[in-house]
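Enquirer: Spelled out, the chains give:
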Amino acid sequence: MTAPLLSISHLNAVTGRNGETPILRDVSLDIAAGEVHGLVGESGAGKSTIAKAILGILPRGIRIASGSIALEGVDLLTLDASSRRKLLGATVSLIPQDPLTALNPGRRIEAQLTDGLRLWRGLSAADARLRALQLLDEVQMAEPERVMKAFPHELSGGMRQRVLIAAAFALEPKLVIADEPTTALDVTVQKQILRLIRAMQERHGTGVVFVTHDLGVVAQICDRATLLYMGKTMEQGRVKDLLDAPRHPYTRALMDACPRYDQPGRGLAPVPETVFADCRAEIAAFDRERAGHV
Amino acid sequence: MADSATIIATTGAPSRGRRRLQALARQPKVVWGGGFILFLVVVALAAPLIAPHDPLAQDLMSGTLPPLGFADYDPGFLLGTDDLGRDVLSRLIYGTRIALTVAFVAATLAALVGTLLGLLAGYFRGVTDTVVSRLIEIWMAFPPVLLSILVVAIMGSGVTSVIAAIAIIDWTRFARVVRAETMAQAQGDYVTAARTLGFGRWTILFREILPNVAPVLLALITLEMGIAVIVEAILSFVGLSVSSDTPTWGGMIAQGRQIIYQAWWVFAAPLAALFATVLAFNQLGDGLRRALDPVMQR
Chain U
-8 MTAPLLSISH LNAVTGRNGE TPILRDVSLD IAAGEVHGLV GESGAGKSTI
42 AKAILGILPR GIRIASGSIA LEGVDLLTLD ASSRRKLLGA TVSLIPQDPL
92 TALNPGRRIE AQLTDGLRLW RGLSAADARL RALQLLDEVQ MAEPERVMKA
142 FPHELSGGMR QRVLIAAAFA LEPKLVIADE PTTALDVTVQ KQILRLIRAM
192 QERHGTGVVF VTHDLGVVAQ ICDRATLLYM GKTMEQGRVK DLLDAPRHPY
242 TRALMDACPR YDQPGRGLAP VPETVFADCR AEIAAFDRER AGHV
Chain X
39 MADSATIIAT TGAPSRGRRR LQALARQPKV VWGGGFILFL VVVALAAPLI
89 APHDPLAQDL MSGTLPPLGF ADYDPGFLLG TDDLGRDVLS RLIYGTRIAL
139 TVAFVAATLA ALVGTLLGLL AGYFRGVTDT VVSRLIEIWM AFPPVLLSIL
189 VVAIMGSGVT SVIAAIAIID WTRFARVVRA ETMAQAQGDY VTAARTLGFG
239 RWTILFREIL PNVAPVLLAL ITLEMGIAVI VEAILSFVGL SVSSDTPTWG
289 GMIAQGRQII YQAWWVFAAP LAALFATVLA FNQLGDGLRR ALDPVMQR
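Protein chains in written order, with the working numbering: chain U, -8 to 285; chain X, 39 to 336.
Bear in mind the hints are in silico, worked out from the structure with no lab data behind them. Fair warning: there could be bad hints in the mix.
[As the list claims (entries may be wrong)] Stretch by stretch, here's where chain X covers chain U in the computed footprint (C-beta under 8 Å, at least three residues):
id, segment
1, 67 to 79
2, 90 to 98
3, 107 to 119
[Unchecked claim] Going by beta-carbon spacing under 10 Å, a handful of chain X positions derived as facing chain U:
id, residue
4, Gly164
5, Asp227
6, Ala232
7, Thr234
8, Leu235
9, Gly238
10, Thr241
11, Leu248
12, Asn250
13, Ala252
14, Pro253
15, Phe313
16, Arg328
[To be verified] Across the chosen pairs, the derived CB separations fall in these ranges:
id, chain 1, residue 1, chain 2, residue 2, range
17, U, Arg186, X, Phe162, 40 to 46 Å
18, U, Arg51, X, Leu154, 37 to 43 Å
19, X, Gly194, U, Ala116, 48 to 54 Å
20, X, Val169, U, Pro250, 54 to 60 Å
21, X, Trp177, U, Gly10, 56 to 62 Å
22, X, Met221, U, Asp177, 30 to 36 Å
Yeah, the Cβ is synthetic: ideal placement off N, Cα and C, and Gly gets one too.
Given the sequences, and given the hints that come with them, work out the whole structure.
Expert: Laid out in C-alpha cells, this is it:
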C-alpha cells in the first residue's frame, strides 16, 4: 500500500478538569487518496471528535492526550496554529452537519463561495465568480446566477447543502471531512446529496472522512469504515467485509437493528443489552490494562 | 457638528439594495419615526433660516406672551414668549441642534466603545471576557447621574463634556448586548467553516460575525439616541450642560419650571418636543430591528 493521505495513529483524547474522562481510546486509521472512509457510531462514540481533531477545531475542554494525526507525513498535532492553518486551509475542507447554520446568514452565496478562492488562489473577484458559477453547475444547482445573489435563508435545505459541497470542493482539496452531511435533510434529498458527494469525490480523486451514525449510508458511499463505541475502535475494514461478515458482536447487533431491503419480513431487532455490556467490559479491560502500563 | 450629524444619519440607512429599502418602507414605525427624525435634522440645519426671531433676543416689554389660540396672543410669537420676552418657537428650533448633535455623536461613540469590547469579550472569551464583564458590572453599579456629574466636573461644562459623559456611561448597554449576540453567532457552524477555511480570528470577527450583529446594533444605537436626548435634557436641567446663552430643551424646561404658573407654555413646549423626539427614536429603533433581521423578514 502506498503512503496514506491521512494517517491517524494511537489517538487518545480526554476531557474533564484533569483529563480524567477518555473520549477517544487509541484510535488508529489510514485513509488513502480517493478513498471514502466512514466513521460510524452512536452519539458520543467520538466520531465527530476525530473529525474535529483533524481540522483542529476541537471544542474547549477536549484535548489530545497522545497519538498523532499525519497528513501526507506531516504531523498536524505538532504544528503551531498559523502553519497548521496554512497547511489545512486549502488541502482539507469540511462539509458541515447542519446546512441551516453553516452558511453565514448575513452574506450572499457569492461572497461565501468566493472567499476561499480569493484567499488561497488569489483570484480576482471576477475570476472567483466564474469559478463559483462552475462549481454551482457541477453540484447540479438550477439557476446558479440567481443562487449566487441569494442570501442563505432564501434557499432550501438541499440547495444549501449543495452550496456547502461546492464550497468544500472549491479549492480541490485532498481531503474532505463530511460531518453527518445528510442528517438534517429528508430521505429523498439525502440520497441525491450522497450521490453528489460520491460523484464529486470520484471526479476529483478526493479522500473523504464520512462521519455518520447510519449503516445504510455507509453501505452506499464508503469504501472502508471504522466502527466506534465509547471512543474505541470496535471493528475496522472494507465496508464489504464489514457488512457481509461482521466479526465484532456490536457490528452484528447493529446490522440486525437496520432495515434490510434484501431480507424483507425479517423485522428489526434492538441491540441486545448484553452486547452493550460486553462492549463496556471490553473497554473497561482496555482502560485497566493501560492503567497498569503507566 | 451639523455635518457630522447628517453623515451619521445617512450611513445609518441600509445600503444593501432595493429589497432592504422596500422592507424598511413596509415598516410604518420606520417611516414615521425616521420621517420625524429627518424633519428634525432639517430643522436643526436650517434653524437660522426658519426661526422667526433671534432665540436670544430679549424684549422685556413683550414677556410671557401666550401661544396661538389664547387671549393676548401676538401673531409674531407662534408659541408665545418666556419671562424675558424671548420667542419660545425660535428657542425650540435652536434647541434641536444641541439635542440632535448630542444624540448622534454620543450614541455613536458609546456604540463604538461598547461594540468593540463586546465583540472581543464574546469571541475570545476567557480572560478578555472576564475583564470586560467585571468592568461592565462595576460600571453599572455606579449611579449614572453621579458619574455624569463627575465627568462634567472634571471636563467642565459644555457639549463635549455632555457627549463624553453619555458615551462613558452608556457603552455598557452596547457591550452587554453585543457580547451576548457575538457568543451566539460564534457558535454557528459558519464560523467553524470560516476557521477550517483558514481565516484568521480578526477576519472572522469583523467580516463574518459583525455583519450578523449589525441589525441588533443599529436598533440599539437608535434607542440610545433617544436616551442621549433625555440625558442631555437632564444635564441641561441641572445646569451642567452648555452655557445658558445656548438654547437647549432641558434648559428651557428648567427655566419654564420656575414660571410655570405664569407661563406654562415655556415649560410645555420643550417637554412636548422632547417627548416626540424620544418617541420617534424608539419607534425607529423598533422598526429597524424588525425590518433588518434577515430571518424575521420571511
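Enquirer: Interface hint check: Gly238(X), Cβ to nearest Cβ on chain U, cutoff 10 Å. Holds or violated?
Expert: holds, 8 Å
Enquirer: With a cut-off of 10 Å, does the beta carbon of Asp227(X) approach a beta carbon of chain U closely enough for the hint to hold?
Expert: holds, 4 Å
Enquirer: Is the shortest C-beta separation between Gly164(X) and chain U less than 10 Å?
Expert: Result: holds, 9 Å to nearest chain U Cβ.
Enquirer: Between Val169(X) and Pro250(U), does the beta-carbon spacing fit 54 to 60 Å?
Expert: For Val169(X) and Pro250(U) the Cβ distance comes to about 55 Å; the hint holds.
Enquirer: Evaluate the given range 48 to 54 Å for the C-beta pair formed by Gly194(X) and Ala116(U).
Expert: With a Cβ separation near 51 Å, Gly194(X) and Ala116(U) satisfy 48 to 54 Å, so the hint holds.
Enquirer: Could you check if Pro253(X) really has its C-beta closer than 10 Å to a C-beta on chain U?
Expert: Nearest chain U Cβ about 8 Å off; hint holds.
Enquirer: Go through the hint on Thr234(X) and say holds or violated, using the shortest Cβ distance to chain U against 10 Å.
Expert: At 5 Å from the nearest chain U Cβ, Thr234(X) passes the 10 Å test, so the hint holds.
Enquirer: Can you confirm whether chain X covers the segment 90 to 98 of chain U, using C-beta to C-beta distances below 8 Å and requiring at least three such residues?
Expert: holds (count 7)
Enquirer: Would you settle whether the hint for Leu235(X) is holds or violated, based on the nearest Cβ-Cβ distance to chain U being less than 10 Å?
Expert: Holds, about 5 Å.
Enquirer: Please verify that hint: Ala232(X), Cβ, nearest Cβ of chain U, below 10 Å or not.
Expert: With a closest approach of 8 Å, the Ala232(X) hint holds.
Enquirer: Is the hint on Ala252(X) kept, meaning its closest Cβ partner in chain U is under 10 Å away?
Expert: holds, 7 Å
Enquirer: Against chain U, with CB atoms and a cut of 10 Å, does the hint on Arg328(X) hold up?
Expert: violated, 15 Å
Violated hints for the displayed structure, listed by number in ascending order: 15, 16, 18 and 21.
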